[in-house]
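Using the sequences and the accompanying hints, generate a full structural model.
There are 2 protein chains.
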Amino acid sequence: MQENLNDLKKRLSEINDINHAVAVLGWDQQTYMPSGGAAARARQLATLSHIAHEKFIDDAIGRLLGELHEYAGGLPYDSDDASLIRVTKRDYDKARRVPSSLVSEIVHASAHAFEAWRKARNESRFSDFAPYLQRNLDLKKHYARCLGYTDCIYDPLLDEYEPGMKTSQVKTIFQTIKRELVPLVQTISAKLHLVDNAFLHQVFDEQAQWDIGIEAARLTGYDFERGRQDRSPHPFTTSFSVDDVRITTRILHDYFPAAFFATLHEVGHALYNQGIRPELEQTPLADGASLGAHESQSRLWENLVGRSRPFWKFFMPRLQTAFPEQFRKVTVEKMYCGVNRVEPSFIRVEADEITYNLHIMMRFELENALLEERLPVNDLPEAWNKKMQEYLGIAPPNDALGVLQDVHWSHGSFGYFPTYSLGNIFAAQLFDTIKRDIPDLDKRFEQGEFHGLLDWLRTHLHTHGRKFTLDELAKKITGASLKTDSFIAYLKGKYGEMYHF
Amino acid sequence: MQENLNDLKKRLSEINDINHAVAVLGWDQQTYMPSGGAAARARQLATLSHIAHEKFIDDAIGRLLGELHEYAGGLPYDSDDASLIRVTKRDYDKARRVPSSLVSEIVHASAHAFEAWRKARNESRFSDFAPYLQRNLDLKKHYARCLGYTDCIYDPLLDEYEPGMKTSQVKTIFQTIKRELVPLVQTISAKLHLVDNAFLHQVFDEQAQWDIGIEAARLTGYDFERGRQDRSPHPFTTSFSVDDVRITTRILHDYFPAAFFATLHEVGHALYNQGIRPELEQTPLADGASLGAHESQSRLWENLVGRSRPFWKFFMPRLQTAFPEQFRKVTVEKMYCGVNRVEPSFIRVEADEITYNLHIMMRFELENALLEERLPVNDLPEAWNKKMQEYLGIAPPNDALGVLQDVHWSHGSFGYFPTYSLGNIFAAQLFDTIKRDIPDLDKRFEQGEFHGLLDWLRTHLHTHGRKFTLDELAKKITGASLKTDSFIAYLKGKYGEMYHF
Numbered sequence: 001m002q003e004n005l006n007d008l009k010k011r012l013s014e015i016n017d018i019n020h021a022v023a024v025l026g027w028d029q030q031t032y033m034p035s036g037g038a039a040a041r042a043r044q045l046a047t048l049s050h051i052a053h054e055k056f057i058d059d060a061i062g063r064l065l066g067e068l069h070e071y072a073g074g075l076p077y078d079s080d081d082a083s084l085i086r087v088t089k090r091d092y093d094k095a096r097r098v099p100s101s102l103v104s105e106i107v108h109a110s111a112h113a114f115e116a117w118r119k120a121r122n123e124s125r126f127s128d129f130a131p132y133l134q135r136n137l138d139l140k141k142h143y144a145r146c147l148g149y150t151d152c153i154y155d156p157l158l159d160e161y162e163p164g165m166k167t168s169q170v171k172t173i174f175q176t177i178k179r180e181l182v183p184l185v186q187t188i189s190a191k192l193h194l195v196d197n198a199f200l201h202q203v204f205d206e207q208a209q210w211d212i213g214i215e216a217a218r219l220t221g222y223d224f225e226r227g228r229q230d231r232s233p234h235p236f237t238t239s240f241s242v243d244d245v246r247i248t249t250r251i252l253h254d255y256f257p258a259a260f261f262a263t264l265h266e267v268g269h270a271l272y273n274q275g276i277r278p279e280l281e282q283t284p285l286a287d288g289a290s291l292g293a294h295e296s297q298s299r300l301w302e303n304l305v306g307r308s309r310p311f312w313k314f315f316m317p318r319l320q321t322a323f324p325e326q327f328r329k330v331t332v333e334k335m336y337c338g339v340n341r342v343e344p345s346f347i348r349v350e351a352d353e354i355t356y357n358l359h360i361m362m363r364f365e366l367e368n369a370l371l372e373e374r375l376p377v378n379d380l381p382e383a384w385n386k387k388m389q390e391y392l393g394i395a396p397p398n399d400a401l402g403v404l405q406d407v408h409w410s411h412g413s414f415g416y417f418p419t420y421s422l423g424n425i426f427a428a429q430l431f432d433t434i435k436r437d438i439p440d441l442d443k444r445f446e447q448g449e450f451h452g453l454l455d456w457l458r459t460h461l462h463t464h465g466r467k468f469t470l471d472e473l474a475k476k477i478t479g480a481s482l483k484t485d486s487f488i489a490y491l492k493g494k495y496g497e498m499y500h501f
Numbered sequence: 001m002q003e004n005l006n007d008l009k010k011r012l013s014e015i016n017d018i019n020h021a022v023a024v025l026g027w028d029q030q031t032y033m034p035s036g037g038a039a040a041r042a043r044q045l046a047t048l049s050h051i052a053h054e055k056f057i058d059d060a061i062g063r064l065l066g067e068l069h070e071y072a073g074g075l076p077y078d079s080d081d082a083s084l085i086r087v088t089k090r091d092y093d094k095a096r097r098v099p100s101s102l103v104s105e106i107v108h109a110s111a112h113a114f115e116a117w118r119k120a121r122n123e124s125r126f127s128d129f130a131p132y133l134q135r136n137l138d139l140k141k142h143y144a145r146c147l148g149y150t151d152c153i154y155d156p157l158l159d160e161y162e163p164g165m166k167t168s169q170v171k172t173i174f175q176t177i178k179r180e181l182v183p184l185v186q187t188i189s190a191k192l193h194l195v196d197n198a199f200l201h202q203v204f205d206e207q208a209q210w211d212i213g214i215e216a217a218r219l220t221g222y223d224f225e226r227g228r229q230d231r232s233p234h235p236f237t238t239s240f241s242v243d244d245v246r247i248t249t250r251i252l253h254d255y256f257p258a259a260f261f262a263t264l265h266e267v268g269h270a271l272y273n274q275g276i277r278p279e280l281e282q283t284p285l286a287d288g289a290s291l292g293a294h295e296s297q298s299r300l301w302e303n304l305v306g307r308s309r310p311f312w313k314f315f316m317p318r319l320q321t322a323f324p325e326q327f328r329k330v331t332v333e334k335m336y337c338g339v340n341r342v343e344p345s346f347i348r349v350e351a352d353e354i355t356y357n358l359h360i361m362m363r364f365e366l367e368n369a370l371l372e373e374r375l376p377v378n379d380l381p382e383a384w385n386k387k388m389q390e391y392l393g394i395a396p397p398n399d400a401l402g403v404l405q406d407v408h409w410s411h412g413s414f415g416y417f418p419t420y421s422l423g424n425i426f427a428a429q430l431f432d433t434i435k436r437d438i439p440d441l442d443k444r445f446e447q448g449e450f451h452g453l454l455d456w457l458r459t460h461l462h463t464h465g466r467k468f469t470l471d472e473l474a475k476k477i478t479g480a481s482l483k484t485d486s487f488i489a490y491l492k493g494k495y496g497e498m499y500h501f
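Chains U and D supply the protein sequences, listed in that same order. So the first sequence is residues 1 to 501, counted in UniProt numbering. So the second sequence is residues 1 to 501, counted in UniProt numbering.
A portion of the hints provided could be inaccurate.
Stated by the list, open to error - Calculated pairs, DSS-like style, for lysine-lysine (alpha carbon to alpha carbon, straight line, at most 25 angstroms): (1) K55/U <-> K10/D; (2) K89/U <-> K55/U; (3) K55/D <-> K9/U; (4) K55/U <-> K94/U; (5) K483/D <-> K166/D; (6) K119/D <-> K10/D; (7) K483/D <-> K55/U; (8) K55/U <-> K55/D; (9) K313/D <-> K483/D; (10) K492/U <-> K191/U; (11) K492/U <-> K171/U; (12) K89/D <-> K166/D; (13) K10/U <-> K55/D; (14) K476/U <-> K191/U; (15) K334/U <-> K191/U.
Worth flagging that the hints you see were computed from the coordinates, not collected in a lab. In this text, all values refer to a predicted model and were calculated from it rather than measured experimentally.
Here it is, written out as structure tokens:
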């Protein structure tokens with residue numbers, strides 16, 4: 001049995017190396033690659049992904065998993081070996097259903113689509129991107145049919161990012177969100193004047209923005225010996241091993257929060273990967289449990305820490321040192337309110353904590369409509385703008401500020417967006433548990449002490465890697481399934497105080 | 001037959017993609033990778049190289065090459081297909097002799113050795129690097145024995161970088177070099193005072209150095225849409241396709257020529273790869289003919305262009321604009337002499353055109369001694385310092401300025417160094433032919449017109465990729481085998497004028 005297990009681990013380790021090479025090529029593609037390199041890079045990504053896929057769907061892996069089934073059954077559910085075998089089996093069964101040629105085609109098409117999206121966004125012209133999006137959609141529909149589904153075509157795609165989660169569950173969650181948050185946004189929209197954030201819209205030296213972001217990242221415990229930050233049009237985190245977890249940010253010279261909170265957000269993702277038990281390295285368990293679980297960490301650090309009053313009690317003097325001219329006269333309270341100002345706006349990644357989820361909801365609805373062919377690609381910009389109007393009361397003046405703003409669809413990532421809201425919800429649920437375990441959390445933040453929080457997250461969440469699903473983690477850590485209560489209560493409490501309702 | 005050819009090309013294209021992925025990982029390793037990433041990177045490089053090697057030594061490729069032998073024989077020697085089959089057969093026969101496990105071991109060991117070298121050089125302590133060097137040597141001796149040799153163990157290693165070249169030929173060349181250049185260095189050493197370059201040792205703003213390097217790179221015709229420059233401890237050029245050819249440089253804040261000429265040098269390499277016929281892309285022919293051929297291009301742009309009087313007649317005003325304080329009072333003549341000043345010094349990459357070759361010669365001799373076990377690794381620093389004394393009349397004060405200065409041995413690259421001198425020699429031989437074809441070359445340089453030169457190089461050399469060996473190219477382009485005449489005449493003419501001998 002040990003021999004089978006070692007054979008399996010060796011094969012998985014090789015595949016892991018290839019997938020991490022793919023990640024390096026992807027990182028370079030989005031940070032440093034000159035435009036001429038795009039065609040060859042698309043080919044290289046397709047080739048490596050194809051090889052990794054071929055190696056993973058090898059009959060030998062199926063045989064090994066079959067022979068290890070009984071052995072795994074005799075081990076504790078949460079043991080390294082049982083988890084490795086269980087999660088690998090889950091991945092394997094899915095991967096076997098998809099032809100390698102389709103996987104290559106998807107990678108190839110999405111690399112081209114990414115370049116097309118980048119140019120189309122620069123020129124704010126959706127029609128240039130439309131044929132690439134259509135191609136991505138067609139391929140992903142084919143993909144979904146290969147994986148199979150009973151309820152809706154969105155299910156197998158969602159499952160890629162959020163294992164075990166069903167579209168119907170997400171719909172239920174968004175019903176609550178819609179019921180609770182759309183009226184909240186309307187209420188607040190009538191009181192926008194109560195909170196001012198004009199002081200955040202000044203000119204901020206880019207290097208100084210970079211430096212204060214790095215300072216905040218260090219404060220959280222992000223390890224720069226095992227990571228680094230670069231710039232890219234769309235911030236992201238990527239991992240080449242638990243000891244090389246990188247983040248990117250983008251800097252707007254005239255709006256301070258963009259880069260600062262992008263950094264905190266990506267740091268949240270990166271801390272998760274840096275905190276995975278080293279013993280899981282080189283296995284498929286060496287990643288976050290799901291995108292929702294991952295997003296819970298980015299949003300926790302970005303919002304529950306970075307947009308909290310205690311954080312700014314500590315950090316405001318540092319910010320004033322970095323930008324004396326812009327922030328000298330800004331009080332902690334003014335800053336706290338400013339960075340939390342709610343206002344319907346065009347760009348998801350800059351949206352406040354409330355409207356953010358409505359951005360997600362509309363993407364979820366549009367993706368479903370596109371995949372179910374209720375919405376033709378060419379009508380997408382119009383449908384986008386209509387939903388913006390319905391949920392947020394505004395419509396973008398052009399495609400760059402609207403339908404072209406996100407990278408995801410260029411990558412062929414349909415089913416990805418809802419995980420952002422699942423992350424927000426889980427983060428709030430986790431945070432209620434953390435506050436019970438660490439009652440003086442606010443005081444610690446006020447003193448710039450964040451390692452207690454990081455230690456807690458490492459112990460209860462990060463360490464496990466991909467062993468559990470999001471719902472398993474919710475039960476294990478908080479004692480209950482994933483639920484919206486904490487999140488809704490958090491939003492109502494925080495913004496009720498700020499906007500007097 | 002066409003089916004066989006297509007099958008071969010498809011296989012080679014896949015291998016090409018993997019090798020280019022290896023190149024991306026290597027580029028990142030030397031430019032941006034955080035130190036924590038080293039162990040995983042070593043593993044990833046080993047895995048990918050192993051896969052590429054396995055795919056290349058596949059029996060099927062041998063069978064295809066066998067079946068295509070006759071077809072190739074009926075084609076012109078320089079046709080794309082005949083060349084592809086010929087060069088692939090050469091590579092294949094060599095690769096089949098080396099076990100894949102050894103290839104992986106070498107990649108793995110050299111990735112670790114590179115990290116060790118970087119640290120050892122920082123601390124200037126050779127003993128920290130010695131065990132890694134020993135390991136690299138042992139592996140490369142094993143490698144050489146796999147490839148086989150009759151004359152000396154250096155032959156198969158040299159052949160890796162300079163196909164067809166023999167150690168005995170290199171020895172003959174270095175006999176001429178030693179006979180002609182050692183006395184020249186001695187003559188000039190007594191007249192060092194004739195040329196002043198103190199004005200090059202001032203403080204130069206790093207950003208301004210970066211900018212002027214980019215300006216010079218643009219002038220040569222280097223295409224930044226298909227390339228980019230980054231910083232690394234040791235400058236290099238790497239290629240991920242003919243449309244993504246990158247260079248690196250390093251900047252010394254107190255010595256202007258370091259970054260400037262490193263950029264011109266790497267640009268020379270990069271122009272070669274950017275000039276390969278696009279039809280050769282995705283095949284093993286899409287690279288320079290050999291390292292010597294490659295070095296001829298880097299040295300041609302660095303020295304025959306960048307250290308020429310006509311170049312500085314054009315470029316001096318631009319330099320004075322970039323560094324008015326430092327260069328306002330420096331005449332073209334003073335600049336020309338300054339950047340060509342001959343003086344025995346410690347660091348190869350900063351050496352003048354004459355002593356440079358003595359740096360190479362001693363490395364060639366030391367490598368031979370190490371590989372033939374006439375010199376134990378632990379005695380290397382002493383042997384290094386002794387040879388420095390013998391050929392250059394100086395000895396380095398520490399390992400960082402001596403035996404640890406170059407990256408090559410950390411990569412396990414033994415047999416690489418002589419290609420630098422072969423490049424110098426070939427560059428001079430080429431340049432004599434170019435001057436015959438473009439009689440007004442100097443005038444063009446004086447007007448900042450370098451595209452005539454680049455066009456010539458593209459037409460006569462770059463376009464061919466790896467089709468020919470260095471000696472074949474020499475005959476084809478200059479009408480004669482590789483020979484030292486032009487180079488020695490060039491050095492004597494240029495430096496005889498400068499130092500009055």
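Now for the hints, and whether the structure bears them out:
| no. | hint | verdict |
| --- | --- | --- |
| 1 | K55/U <-> K10/D | 19 angstroms, holds |
| 2 | K89/U <-> K55/U | 14 angstroms, holds |
| 3 | K55/D <-> K9/U | 22 angstroms, holds |
| 4 | K55/U <-> K94/U | 14 angstroms, holds |
| 5 | K483/D <-> K166/D | 14 angstroms, holds |
| 6 | K119/D <-> K10/D | 41 angstroms, violated |
| 7 | K483/D <-> K55/U | 50 angstroms, violated |
| 8 | K55/U <-> K55/D | 13 angstroms, holds |
| 9 | K313/D <-> K483/D | 31 angstroms, violated |
| 10 | K492/U <-> K191/U | 15 angstroms, holds |
| 11 | K492/U <-> K171/U | 21 angstroms, holds |
| 12 | K89/D <-> K166/D | 19 angstroms, holds |
| 13 | K10/U <-> K55/D | 19 angstroms, holds |
| 14 | K476/U <-> K191/U | 40 angstroms, violated |
| 15 | K334/U <-> K191/U | 16 angstroms, holds |
This entry does not satisfy hints 6, 7, 9, 14, going by the numbered hints stated previously.
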